[in-house]
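K.L.:
One letter stands for each residue in the lines below.
2 protein chains.
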Amino acid sequence: MQTQPLDAITVLDFGQVYNGPYCGFLLAQAGARVIKVESLQGETLRARGDKASSTFPFAVLNSNKHSITLNIKSAEGQGIVKRLARRVDVVLENFAPGTMDKYGIGADALRAENPQLIYASSTGYGNAPGPYRDYLGMDITLQAMAGVMSITGEDGGPPLKTAAAFADFIAGTHLYAGIVSALFARAKTGEGATVDISMQDCVVPTLATALGSYYVAGRQQPVRAGNRHPGQALSPYNVYTASDGYVAIICIREGHWRKLCAAMDLPVSSDDPRFATMAARADNMDATDALVNAWTRLHTRAEITEVLQQHDVICAPVNDLDDVVNDPHLAARGTVEKRLHPSLGEIAALHTPIRFRDIDPPELTDAPELGASTQAILAEFADIDPTEFSRLRDLGAI
Amino acid sequence: MQTQPLDAITVLDFGQVYNGPYCGFLLAQAGARVIKVESLQGETLRARGDKASSTFPFAVLNSNKHSITLNIKSAEGQGIVKRLARRVDVVLENFAPGTMDKYGIGADALRAENPQLIYASSTGYGNAPGPYRDYLGMDITLQAMAGVMSITGEDGGPPLKTAAAFADFIAGTHLYAGIVSALFARAKTGEGATVDISMQDCVVPTLATALGSYYVAGRQQPVRAGNRHPGQALSPYNVYTASDGYVAIICIREGHWRKLCAAMDLPVSSDDPRFATMAARADNMDATDALVNAWTRLHTRAEITEVLQQHDVICAPVNDLDDVVNDPHLAARGTVEKRLHPSLGEIAALHTPIRFRDIDPPELTDAPELGASTQAILAEFADIDPTEFSRLRDLGAI
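First to last, the protein sequences are chains A and B.
Take the position in the first sequence, starting the count at 1, then add 77; the result is the number in the working numbering.
Take the position in the second sequence, starting the count at 1, then add 77; the result is the number in the working numbering.
Chain A with its partners taken away, still in its complex shape (with noise of 0.2 Å):
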């Protein structure tokens, strides 16, 4: 077996829906032993299983962790949690600002108890002061809130979100840096930290482009560019229209532009002063668009993209779902791995994107059922025996 770079880390795992959890998958997915600790009734997206459309994203990021069941508003709760996080490494949480702190099982409470437990939070905004400081917050608002909204969308349109979570996960990425941050920190010094992320300090460096326009243009907002460059100083630089859906195309510097012109078979950019610059072009936005789109229009996504790779122009498909879990690349890498899930069928389930060139990610396993490992864990780490497991499930604090 090989060793993974977190073996013998041991984590525990408030985490809840995307941000914390996804951290959780990482460390699990780098060989950290995950132990999930979830309320009696389930953690909030296994709670909504009802609903089945949480069954899916709940069974991919929860693989590979240990489940196990703790009342944390119960005086006996806080107890097992002081105990467990003697023996641990890591806990990590993303309730809502304040929570593990007002059941006294915050991080100055855990690290009382371990000085060299690293305890690891993400909220909306952060636990340092501020005004925000405890505002609620989901991947949406942190879209609103950190300015991507308002550059995204059609020129004249109202402002718009992305679907992709993206706010969630880019947080929950940084949480793990944090967390291995603190862990080769530790190595050298034996101390513990507090990691702190908040979600929209995370979101906020993804502007970059639009804040370059916003500068340059003297502190104005620029306008929603659909999918144009944010500038509107690049073109081609768009979606496109295949015979079978939409292809993404931009041309980033005059070589792409006279490449893709190459790949068309148009000898234009020479012989038509609208073409004959980036700068000509993008100022013939429309009459430029309207070219490419007559040459994509006759083909296919796949055969576009074929080709303009070959020419070297940057391009992709637009995929719709069906596409990317069918992805043939990403079942290359082993990223996606079709498994059975007992509702769903065969589903795409995931590894971790921190990949190493001569280790694989660990095999993927079901996502626990719930309290599948409670009294397992409890004995090992708070050397809790089946006479005090049996007194702690009648107190319903298990």
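Please note that a few of the clues may not be correct.
The list treats identical chains as one, so a pair stands whether inside a single copy or across any two.
Unchecked claim - Below, simulated SDA-like cross-link-like pairs (lysine to any residue); rule was C-alpha separation at most 20 Å, straight line:
| # | residue 1 | residue 2 |
| --- | --- | --- |
| 1 | 265 | 193 |
| 2 | 336 | 213 |
| 3 | 159 | 294 |
| 4 | 265 | 165 |
| 5 | 265 | 87 |
| 6 | 159 | 472 |
| 7 | 265 | 84 |
| 8 | 336 | 362 |
| 9 | 336 | 364 |
| 10 | 179 | 387 |
| 11 | 415 | 297 |
| 12 | 159 | 185 |
| 13 | 415 | 443 |
| 14 | 150 | 383 |
No lab work stands behind these hints, which were simulated from the structure alone.
Let chain A serve as the given structure and place chain B on it in line with the hints.
P.N.:
Same frame as chain A, but now just chain B:
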């Protein structure tokens, strides 16, 4: 001075534009010494500097780095990279696939020089075998390929990107995560690693909600739902009109709706069967949205956010870029710091989102001038004396 997590780690950062440079930014802000290696013309984003919109992202992503110039197309330049690789901990790059190998300074060559080296790359589709391995990819084409565009936009409208360059930034975050995971493992084993990040892999998990709906619907693509819930199963869940713009409000649970009604001072939830349950509201989504809009229209974004957060309803203003750069919470956390830029005036510079309670991120520096540290770094890490430096400069190698 505080000890940063990656204190004493040295990095050669060949990053271009956003993905690699964001990783280098996170490393520098975690205390690593980051040597930015640029061509004699400067990296792509700096070279776009005549288009001044690039100056903002370049300035923000390259603070706390040292710049050296190297012509990696020259034999002498390649020799210098090998000499540097013997003395640093990490090499990172996000060139087009195969670039570093073409010049004889890929993972194999550099790890042969230094078995402890961590060689980390990120490309559109990763370096492992697969049909798209050699495809060029940038943020917008990854949003196309990985399904994001297919689920973003208005019902009946075309597929749409988000103008947030999240594919680049989420990949750069995974690149950092892979590097630090490898550093942690190396501290135990003494062995280096090759980190292989595919932007496509990093984007796919963000489809979680949409894929959940896809599977429940029997593998049917959900309609593009604008700002509504992708499965159209939750309401209120939308962007609403305020007196001075828009706000995002989402009710995930029945309790959120009751709290929203309390905030709006409308006892409708029990009185009208159209609004009595989540399912009823989802069936009467237009009427539900109209009810919320009738209230939001009368108030400012700030008023709505304040009163709804007090009522524990998940909401946020739809902020534009001006709001974001002047956001009081980002300022309070020290995430945004106003700094003077030589051509743009006062800009919103950024600190890392990877935050620790007892460690402040390093003070920001200006992005380095092209090659400002070439002589000093080559002297320190490759024992290149002034005579050899002059010879290499005359050859055009540095």
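K.L.:
With reference to the structure, classify each hint as holding or not holding.
P.N.:
The hints, checked one at a time:
| no. | hint | verdict |
| --- | --- | --- |
| 1 | 265 with 193 | both (12 Å within a copy, 17 Å between copies) |
| 2 | 336 with 213 | between (49 Å within a copy, 13 Å between copies) |
| 3 | 159 with 294 | neither (54 Å within a copy, 43 Å between copies) |
| 4 | 265 with 165 | both (18 Å within a copy, 18 Å between copies) |
| 5 | 265 with 87 | both (18 Å within a copy, 16 Å between copies) |
| 6 | 159 with 472 | within (18 Å within a copy, 64 Å between copies) |
| 7 | 265 with 84 | both (17 Å within a copy, 10 Å between copies) |
| 8 | 336 with 362 | within (18 Å within a copy, 48 Å between copies) |
| 9 | 336 with 364 | within (18 Å within a copy, 52 Å between copies) |
| 10 | 179 with 387 | between (59 Å within a copy, 18 Å between copies) |
| 11 | 415 with 297 | between (47 Å within a copy, 17 Å between copies) |
| 12 | 159 with 185 | within (11 Å within a copy, 46 Å between copies) |
| 13 | 415 with 443 | within (12 Å within a copy, 48 Å between copies) |
| 14 | 150 with 383 | neither (57 Å within a copy, 28 Å between copies) |
In this structure, the earlier hints numbered 3 and 14 are contradicted, and the remaining ones agree with it.
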